[in-house]
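J.: Make a model of the complete structure from these sequences and hints.
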Amino acid sequence: MATILRIVRNLTSMGSFVGIARQLQVFVDGSLVGTVSWNSSADFAVHPGNRIIYVKMDWCSSREMSVNFDKDETVVLECHAPSLSISVTGILGRIFGYPNDFFSLHRKH
Amino acid sequence: MGWLSVEFKNVNGRFRISDSDYIIKDGYLHAFSTSWPDGTVSHFVLNPSDQKVATWQTNLSKAVDALPKFKFGVASLVIVGGGLVIAGPAGAAAGATGIFLKGMHDLWNNWHPHETKVQGYYELETGDPSGNFKSPIRISDIRAS
Chain A
1 MATILRIVRN LTSMGSFVGI ARQLQVFVDG SLVGTVSWNS SADFAVHPGN
51 RIIYVKMDWC SSREMSVNFD KDETVVLECH APSLSISVTG ILGRIFGYPN
101 DFFSLHRKH
Chain B
1 MGWLSVEFKN VNGRFRISDS DYIIKDGYLH AFSTSWPDGT VSHFVLNPSD
51 QKVATWQTNL SKAVDALPKF KFGVASLVIV GGGLVIAGPA GAAAGATGIF
101 LKGMHDLWNN WHPHETKVQG YYELETGDPS GNFKSPIRIS DIRAS
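Protein chains in written order, with our numbering: chain A, 1 to 109; chain B, 1 to 145.
Honestly, I wouldn't trust all of these hints.
[What the hints assert, rightly or not] Among chain B residues calculated to face chain A with C-beta under 10 Å, some are:
(1) V85
(2) A87
(3) P89
(4) A90
(5) G91
(6) A92
(7) G95
(8) A96
(9) I99
(10) L101
(11) M104
By construction, these hints were calculated from the structure, which means they are not laboratory data. Idealized CB from N, CA, C, for every residue including glycine.
T.: Given below as structure tokens:
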């Protein structure tokens with residue numbers, strides 16, 4: 001057994017249809033540990049303890065999320081892009097106005 | 001930007017048309033509108049290649065004005081939204097940059113109309129539905145300044 005971080009990038013909302021041709025970068029404690037393709041998930045081995053997790057694409061990222069990993073635990077985080085209002089200003093406003101809060105991570109129990 | 005002067009050969013007088021009433025597209029005079037003494041408004045869409053007036057429409061100013069804005073809005077959404085879906089934030093930014101550059105290009109053309117391209121004779125292709133004028137009407141001395 002190992003301690004695992006699983007990032008899920010499934011089709012769960014309209015916001016899931018962002019960057020379908022791009023990889024989503026996964027960072028643990030500030031280090032890039034790998035990428036996740038669109039409509040898939042990926043597992044990353046982490047050390048037990050408290051870890052800071054965030055994901056990033058281009059200059060847009062999620063907020064940092066603090067997650068405590070027990071030994072041999074698998075923590076599943078779902079990643080979403082925001083449900084953008086159907087307007088150009090809405091899209092560009094989020095990309096350029098709030099780039100560090102573009103993606104969101106939700107722990108799945 | 002100056003004004004557009006249009007002379008209808010079988011109508012007395014010349015018509016000075018304000019900036020907002022004509023469209024320069026790709027360096028050519030594309031369309032213009034004018035008001036008649038009876039209050040009606042006519043829109044002319046020109047075809048510089050054969051120098052004929054392609055359409056003659058009256059009292060359609062709202063529809064004519066609204067259509068380009070609607071098309072621009074939809075096109076912008078498709079380009080920026082499509083870029084975001086396919087290529088993420090970088091795709092959306094690239095789409096927005098393209099739209100911005102296209103807008104600047106259009107502005108540049110409007111500020112620098114190609115005078116030689118818009119001069120010449122334009123012949124009314126369709127009859128005047130109002131019956132005020134006999135077809136064909138020749139429009140001469142069209143120039144942007």
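J.: Evaluate each hint against the coordinates.
T.: Checked hints:
1. V85: holds (5 Å)
2. A87: holds (6 Å)
3. P89: Hint holds; P89 (chain B) Cβ to chain A Cβ min 4 Å, cut 10 Å.
4. A90: holds (5 Å)
5. G91: holds (7 Å)
6. A92: With Cβ-Cβ at 6 Å, under 10 Å, it holds.
7. G95: Hint on G95 (chain B): holds, closest Cβ of chain A at ~9 Å, below 10 Å.
8. A96: Status holds, d = 6 Å.
9. I99: holds (8 Å)
10. L101: Violated. Min distance 15 Å.
11. M104: violated (17 Å)
In this structure, the hints that do not hold are numbers 10, 11, in rising order.
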